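K.L.:
What follows is the residue order along each chain.
Protein chains: 2
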Amino acid sequence: MRICIAQTRVRAAALEQNFAAMRSAIEKAQRDDSDLIVFPEMALPGYFLGDAWERPSFLKRCQDYVERIAALSNNIAVIFGSVGIDANSRNEDGRIRKYNAAFVAQNGTLLHNSSTNLPFWPKTLLPNYREFDDSRHFFDLRKLAIERNVSLENLLKPVALMKRDGSKVVVGIGLCEDAWDEDYSSKPYSILCQNEKRPDLLINLSCSPFTKGKQHKRRQLFSKKSNDLNLPIVYVNAVGSQNIGKTIFSFDGQSGIYSGDSFTPTAEAFVESIETISLTNPSTSPNASGSVASNQTDEVRLALESGLSFIRDEWGLEKVVIGVSGGIDSALSTVLHARVFGEKNITCINLPSKFNSQLTINAARSLATNINCSFASLSIEESVALTLRQLDEARLQGLPISTPLSTLVPENIQARDRGSRLIAGVASALGAIFPCNANKSEMTVGYSTLYGDHAGYLAPLGDLWKADVYDLCHHYNSVVYGREIIPSATLSVVPSAELSAQQDVTRGQGDPLYYPYHDALFRLWVEEWNRYDFESTLEAWENGTLSKILGTAAEQYLSNTFKTRDEFIKDLCRWWNAYVGMGAFKRVQAPPVLALTRRAFGFDHREAIGLHLARGK
Amino acid sequence: MRICIAQTRVRAAALEQNFAAMRSAIEKAQRDDSDLIVFPEMALPGYFLGDAWERPSFLKRCQDYVERIAALSNNIAVIFGSVGIDANSRNEDGRIRKYNAAFVAQNGTLLHNSSTNLPFWPKTLLPNYREFDDSRHFFDLRKLAIERNVSLENLLKPVALMKRDGSKVVVGIGLCEDAWDEDYSSKPYSILCQNEKRPDLLINLSCSPFTKGKQHKRRQLFSKKSNDLNLPIVYVNAVGSQNIGKTIFSFDGQSGIYSGDSFTPTAEAFVESIETISLTNPSTSPNASGSVASNQTDEVRLALESGLSFIRDEWGLEKVVIGVSGGIDSALSTVLHARVFGEKNITCINLPSKFNSQLTINAARSLATNINCSFASLSIEESVALTLRQLDEARLQGLPISTPLSTLVPENIQARDRGSRLIAGVASALGAIFPCNANKSEMTVGYSTLYGDHAGYLAPLGDLWKADVYDLCHHYNSVVYGREIIPSATLSVVPSAELSAQQDVTRGQGDPLYYPYHDALFRLWVEEWNRYDFESTLEAWENGTLSKILGTAAEQYLSNTFKTRDEFIKDLCRWWNAYVGMGAFKRVQAPPVLALTRRAFGFDHREAIGLHLARGK
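Taken in order, these protein sequences are the chains called A and B. The first sequence begins at 51 in the numbering used here and counts up by one. The second sequence begins at 51 in the numbering used here and counts up by one.
Because the hints were derived from the structure by calculation, they are not lab data. Be aware that one or more of the hints could be misleading.
Intra- or inter-copy, both count: the list cannot distinguish identical chains.
DSS-like mimics (lysine-lysine), calculated; alpha carbons at most 27 Å apart, straight line [to be verified]:
hint, residue 1, residue 2
1, Lys78, Lys262
2, Lys369, Lys247
3, Lys620, Lys110
4, Lys598, Lys110
5, Lys620, Lys598
6, Lys262, Lys620
7, Lys262, Lys247
8, Lys78, Lys598
9, Lys369, Lys110
10, Lys213, Lys262
11, Lys78, Lys247
12, Lys620, Lys247
13, Lys274, Lys394
14, Lys78, Lys218
15, Lys247, Lys110
16, Lys620, Lys78
17, Lys247, Lys213
18, Lys237, Lys274
19, Lys369, Lys394
20, Lys267, Lys394
21, Lys247, Lys613
22, Lys394, Lys620
23, Lys213, Lys394
As the structure is a computational prediction, the values presented were derived from the model and not from experiment.
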């Protein structure tokens, strides 16, 4: 049996484009004598559509396109994901009933699902954690079983398809989460396999975003399932970029056939691919790679570059202005954007005040030279002085502005002057966008100025801890380019905002964070599946387990720095409150983040502002 | 039977504060000889906690406080909402199993729920629409029924409580959505009433945010249920403010007893109240009001002022700087803040450029005079000129900045100069916050400048259409104050950004929106339960139904303005694409919105950036 695995690029709500991609995939599969072509989950409408599912007119167009796909299924069986409508029933929100469903077409027409009496196969398990919101929009097979007062086994059965040679093949169809059944009391694939008509193969249609380590988990999970059920599993995942406003996800594909312990990939990660493969004798196509990349840092590099290039395409972006400080974050952002947008589309601007060292100013210029992009230097001194003069004027007009000003006031004036006045002004004049170069460490505790360095069209580094930023910079220099693209001064200078005389890098004065410790701490609060809070962190410190939990680099810092409970608590309280207080407040107004870990800020890190501030006792 | 209805102010995740409020309520109820005290849903932990539910240490503390509440239940039965933990089972996300639950305590101890074998009564129906995210965090009784392979009737039974006189009373307990069962196949209260041990009364614990018209709907729904089931329903809802980052909800309480068609309120809306009432002979307490306010505009005023004062308290805010343009939005924002924060804490600053008319400058000054708050005028001319000079300088350094600049460039420079340089600078120097004065019409289509007038700690008007803003301003002048607080010039001037010579209010030149038409149009896209999109709007225009759908004011504009299909489409396409494109992009970085309608931007309007752009064919 020949199966075409259509790892298509799925665009959110772009029915016409998705249909066109699917049509040409079907035509290729027909030319390649495929018996069956399988598309990803929600291949037609896209998956992360927010509340656009509530537009009846969009749903109607989805149905029209489903019919048009079905009409193409001559001499081939077509399985694809789309939204299934049951116009005669209501969802629990009172709107028209919708399913996340697989459609099956053959001989130019849709197959009817006699088990449910619907023209599609609904998803059974709806993920409702992380970035997933399925049960907000979709009804599912479990709810249908309750409503109809029947068992799930009655509704979930394999389907028989005709091969080109006229013989039949029985397939068990599931959608994404249906395979990730570990924590559910219902196991869809087991139910399918227990059916009297045992399937010859299983199919999983996915729309599963990339996050670090997920492919490893997928390999384990699908191999185990294939072994347990003693059947091959055809896994088809989308590529492309879909966002939920605050968080932008990249889809890595990684489609292929799982058969026992072996996985035969049919495509490169993050790349559209329409590849026919023999189920009985699968062989990897020349372009396919079994894993995302050679190592974890390169995996992240590939995900960043792929994600950013998807975004560039989706949003029709062309030119980029980057405020380069000579520091590590803006350097990485510049390299990334240069690789994706091309260096001729990059403009670096350096915006010194009297507090910026020649060291970092030179590093900024070197970076632009190394990358071969245009560069300008514009001072913020005159404007900052003007703003301070106007504060004096306001005082003279009677406003109770104290003098001298708190040091934070001129610091933030500088940051906003760079971000909102000059970078935004230059970008606007060039018809360009500009990124926010904040990393995840800074975003966690709001160590940035709103409307200043917090501003930008996207925070491409917003899901990278400070150590990840360094790793990637070294990786670009040593592996990707094999030469010094990011200046050594940038790599060696102490991380610093350079906004006051107290942040003088030439005297080694920098950020108030010791990243090897604080990153590990923040990760406990943000990324752990069972997240730590102020109290449990303190408890771990008190019972002596914290240093073990945080790892070696943090261990030393912990024992060297905090001699008393009060000292430990003071630091803990400062950063915990920054995380849940001002950090949360600033994240509400942060640019979108490109998701890389299993917990990026935004839709997968839902939070209230000012929740659970600690009082440090 | 005497029931104490504890309409407490519930603070998100503030266990200690919530516990203290509950303890003093129980003490009052005991003094008032109550047989039973009922608290809101999630009265102990708060409800909108984002993903803080994933912190095991927080859950453990919730359990500790549940025990502490139970210990207080001497001579009284206590029913309260909190998170129910089943540490031996998993949620479907693999985390510890949690329920949104009611706890029942008597004689100093928690009652055991023998139907479920859990020490609490779980919620059956979990809302998963609008701002609600219950099934992300909580297991429910329907899932438990499937898992245990029993019917819901086995798990959902009334509970018998002891009154002070030693007799028994049987109560059917439900949580919020359990009563809103219209679109669910399971009806919890009906199941409770069909039990062999028929309840004497029903109780509904709610944590139900205010939105326009909701109290009307509650009255209908609970009266109908009371009639249908022929039992009184004790309704207890929280007051206070809880946010989900982007969207801030106010809780209006409106607790009381539904008995057939009659509703006996026990409290003022939005006000904490611990009131004991006789179930058999209920009478309204002197402070209680049956409806939110006298009319719709006053209802919104009350909700705005209450919501804002909750936020002020929650976040510990004190001083406010407001950029006043002389226009209607900043005027309303100033009045609102003055009423909530006190006029002595308000500073108005007017920030003219050469494009601002004396008309609006004078109106801004009059407003500050009328309110009696401090005022300063600071020009942006010098800074804007400096920025333009620096763009020239960048051009001389080789950046391909075209000359002359597009008109949008200096317009946005002005807006950002006001917001991010001066208003933010003055606020920072005064230790104050500053609001974003954008209304819902502007927010819908992104008619504002990022880091300019889009900036602020909160958008208090972000859920008010332009017409609502006018209504409220007139209401303040004519009803609330009975004199001209908001200057008549502000009320009569054409709405305009005054950012160019083409936006000259003295020549009647203003915004590109005709609000009576465009607001009605935007409402179709944003607020309709079954939302319109580009295609269905066009279809309605084509088949002649649009003007009827949009109402009278829009009808005239429609017929006068668009003579051809192309003219109509051009305008439609412009604003639709602004809504789903740049508008969505800007909303990601918008300040939090105070929710007033049933669809505020943010968590109840989940959206992807750049989705479904129309091509205007």
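K.L.:
Among all the numbered hints in the text so far, which are the ones the structure does not match?
P.N.:
1, 2, 6, 7, 8, 9, 10, 11, 12, 13, 15, 16, 20, 21, 22 and 23
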